[in-house]
Each structure stands twice: as structure tokens, then as C-alpha cells.
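Construct the entire structure; sequences and hints are all you get.
For the record, the sequence lines run as chains Z and P.
According to the numbering used here, the first sequence holds residues 655 to 1077 in order.
According to the numbering used here, the second sequence holds residues 3 to 78 in order.
Hints listed in this document are in silico derivations from the structure and should not be mistaken for laboratory results.
Using N, Cα and C, we set each Cβ at its ideal position, and we do this for glycine too.
There may be inaccurate statements among the hints.
[As the list claims (entries may be wrong)] The list that follows gives simulated cross-link-like pairs (lysine-lysine, DSBU-like), each with its CA atoms no further than 35 Å apart:
no.	chain 1	residue 1	chain 2	residue 2
1	P	74	P	10
2	Z	787	Z	775
3	Z	676	Z	775
4	P	67	P	10
5	Z	787	P	10
6	P	67	Z	787
7	Z	676	Z	694
8	Z	787	P	74
[Unchecked claim] What follows is a set of in silico ranges between Cβ atoms, one per label pair, in the way DEER data are often shown:
no.	chain 1	residue 1	chain 2	residue 2	range
9	Z	932	P	70	33 to 39 Å
10	Z	724	P	67	29 to 35 Å
11	P	70	Z	929	32 to 38 Å
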Amino acid sequence: MDLPGPFAVGRYARTLREELRKRARVQLIGEITGLRHTQKQSYFELRDAEGAVPCTIWANELAALELPEGALRDGAEFVAVGGPDYFIGSAASSPAFSFRVTHLRLAGEGDLLARLEALRKQLRSEGLFELQKQLARPRLPRTIGVVTAERGAARRDLLAGLERRGWAGRVIWAFAPVQDRRAAPAIGAAIQDLAATPEVETIVVTRGGGSLADLWAFCDETLCRTVAMLRVPVISAVGHERDSTLIDDVAAVACSTPTHAAEAAVPLDCNAAREALGRDAVGLRRAAERAVGSRSRHLVSLARGPARALRRERGALNQKTREIRAASERGLAERRAFQRRLATVVLARAARRAAGAEADSSREALHRAAVALRAHEPERTLERGYALAEAPDGEPLTSAAAARAADEINLRFSDGRIRVREA
Amino acid sequence: MAESASEKPESYEAAVERLEQIIDRLDSGQAGLRETLELCREGRELVTYCSAELDAVSEGLEELKLDELAAKLERA
Chain Z
655 MDLPGPFAVG RYARTLREEL RKRARVQLIG EITGLRHTQK QSYFELRDAE GAVPCTIWAN
715 ELAALELPEG ALRDGAEFVA VGGPDYFIGS AASSPAFSFR VTHLRLAGEG DLLARLEALR
775 KQLRSEGLFE LQKQLARPRL PRTIGVVTAE RGAARRDLLA GLERRGWAGR VIWAFAPVQD
835 RRAAPAIGAA IQDLAATPEV ETIVVTRGGG SLADLWAFCD ETLCRTVAML RVPVISAVGH
895 ERDSTLIDDV AAVACSTPTH AAEAAVPLDC NAAREALGRD AVGLRRAAER AVGSRSRHLV
955 SLARGPARAL RRERGALNQK TREIRAASER GLAERRAFQR RLATVVLARA ARRAAGAEAD
1015 SSREALHRAA VALRAHEPER TLERGYALAE APDGEPLTSA AAARAADEIN LRFSDGRIRV
1075 REA
Chain P
3 MAESASEKPE SYEAAVERLE QIIDRLDSGQ AGLRETLELC REGRELVTYC SAELDAVSEG
63 LEELKLDELA AKLERA
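Next comes the structure, spelled out in C-alpha cells:
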């Protein structure tokens, strides 16, 4: 072993004490726990969420501080001034480390605010302020859990607020001490129990106003971390408007009074909702009636419509028929008149042509044609002494067979017919 | 009209939201007869649902203590 020593332990203990006493004197802030007094000294621990230091103060020094009666008690937030010390023990008592307190004062608003600010910064940086705010809050919960003091104005105010909302559902009370930091674990347990109750849809945490020290439990880091992680929305209404506790930051909604908390817990104004629902029901019925009514009226008018329309159409049709008939008669007459006019014009033209000098050559041609035509006429042949054999009906008989077949034969001369009988 | 009317609404707020949509649509006067009657039927169901929800918080405040509730559950 290359280490120094072995030293006599008593000497080492004294050296350790000297070393510790050389350390800087500081101020510590925390909660008093395990306070006990002996004739010569008072003992307590100064504690917060992260750790603790055992403290001692000489009885005479404590008395000289003239603290208010009852101020120094478990759960109270104090600032202790002093430094580390080491009691080396004696024949009758064990050695012990302690923070030797030379001055002690109740933590002031300023001290608490500074701590609160540090905590707030820490929790915000971890995103714990957002979790509850992302939860859906029911507009009309049937069951609300409430953490508050059993005897307190907050309870009464909350109930009054709920009544004003027209809400008369189920409230599950989880009563807990709400004063100073000792209350924090009990409040945390109550909130967790409510959150674990399936019917509970929303949790309200409320207490009346007080000093920041009074409300300090609601700034407890452990409590606030617990609330932040819950899946049931928590509505906080701790202290008055100007008071801002850490639970307000992590809660889904922070309200200034228990009455406001009632409104946040039941966002729906049930009285107004009942009226609105009644109106909606009436509106729906009217819409249905209107839709059916106006259409049925339309149907009725349509049903009446065809007869009227038919009458109208029939009248129009008759009129048209009359018009068409008149028009066609008129048309026929006109056409006849036109044809007559046309014939007149043609004849007039023919007459003009016949009379016109320019028509001489064609008249001559016509004359020649007439002469030629006449040369072929049977009359011309008969005039030269021929006769034409005809059946009684005037049909020419051009062969002996046809003549034999006929009952009788007529012979046509240029000057008349004679009947011929077979001998 | 993706939502089916015969399904129970998810929550009071969902029911009220749908009811408002229905009334807006009816007020617009653009719905045909079949749609109007369908909307009215769905609306009436929603009104019935909402009314039941309101009735559930109208029958008088019920106050329970968590400790007593827990004790009762333990006995059960």
C-alpha cells in the first residue's frame, strides 16, 4: 500500500472538522423536516425534492433570532446561513456531519420566487408544460374529480360555479391538506387516485388564496411532474389571480378562482345548451315540415297543372288547326288562281308568238308537218278510193283471219261506213 | 355525409358540431328533399343523444368521497 497513514482516527477526525469549517459559508433554502430540540441544540433537516442536509443550531443562537412563535416547524420553508461542520463524537455520542446554522429566517417571497423561477425553467425546458394542454377536455363531463381541503371556501365556490352552469352530475371529492409543502405528497396521491378512477373525466385542484409559502405545496416539483404526466386533464385554481404556482403551468387549464375552474371543468353552459337544443329540435321539425310542405304544395299545383295545361293546349291546337285549314284552303285557291294566271300568260305568249313576225319560219315548218301528217291519215287514203275493214267496235281488221273471226265487219269509205255480212 | 347517422356520437361536442352542420345545411336551402329528410332524421337522433347527455347531469348533484368510493370498491 502506497497510501499515507495509518493515522490515529481521532486526529484525522479533528483534521476533517478543520477542513470542513474552512469551507465557505453559504445560504441554503429548503423545507424544515424532522425538527427536534435539545437543551443545547436544535436539529432538523433542510430538504427539497432533490436532497437534504442535516442541520444544527445552538439553542442560544436560535433564541437570539427571535423567530415568530411557531414559525420554525416542519414543512416551513426556511433560509439557513452557515457552513459544514463535523462533530467528532464523544464517549457518549456518535460522530456526525452537520450544516452548522448561525442564522435562520423564514423564506421570503423573493427566495421562493427565485426557486420557483428555476423550477419553472427546468420543467418548461423538459416540455412538461405542454403535455396536459394537448389533452382533449370533455365539454360535458358526467363525473368530475376534485382535490381540495374538506373545509374551505374553494369547495363551496366550486359547487356554486357548477350550479350556475346548470351542471348537476357526479363530483368525487378527494380531500387533502393544502397548506405548505408537506401537503404536496398527499395532493399528488389524491390526484393520482382520481386519475385512476375510470369515471373521472376531469380533475379540478383548488384552494383559496394565501402567501406563496402557503401555496408552496402547489409548486412542488414531484407533484408538478406527476400532474404533467397524467392522461386526465387537470384544471388548477390555486390562490388568487396574482398568485402563480407551478401546478398552474403544468395543468391543462389554470384558473384564477374556483368559480372559473367550474366553468373550465364544464365548458358547456348546460342551461344555455338545454335551451339551444330545444330550439334546434324545433328548427329541425320546421325544416322537415317546410321541405315536405313546400314540395307537397308544388306537387298539388303540378297535379292541378296538367288539366289546365291541357285545356290551354287544346285551345291552342284548335286554333292552329283552324289556321292551317284556312291557310290550306287559301293556298289551294291561290294555287288555282296562279295556275289560271299561268295558263293565261302561256296562251297570251302563244298568241303573241303566233302573231309575231319572228314566228314565220316556225309557222311554215308547222304547216309542212301538218301536210305530212295529213298525208299519212287514213282519210287521205280513203279519198283515193280505198276502204278500211273495221270490227264493229271500230278496230281495224288487217287480215282475213281477223275478219273471219269477227261476227260482222264494217267497211269504211271516205264518205261513210257499210255493214258487211258473210254470205 | 360520410358520417353515419345511426352511429352513436363520439361525444357531446361531436354531436353538437354535427348538429350545427346539419342546421347550417338545412338553413342554406340547398338540400334536396331526400337529403333534407335524412338530415332531419339524423338531427333528431343527435338532439335525443344530447338531451340524454344533458339529462345525465340534470338529475341532482351526486357527491362521493374518493376514500369511501375506494373502500366500497375494495369490499366489492
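Hint check, failures only
none
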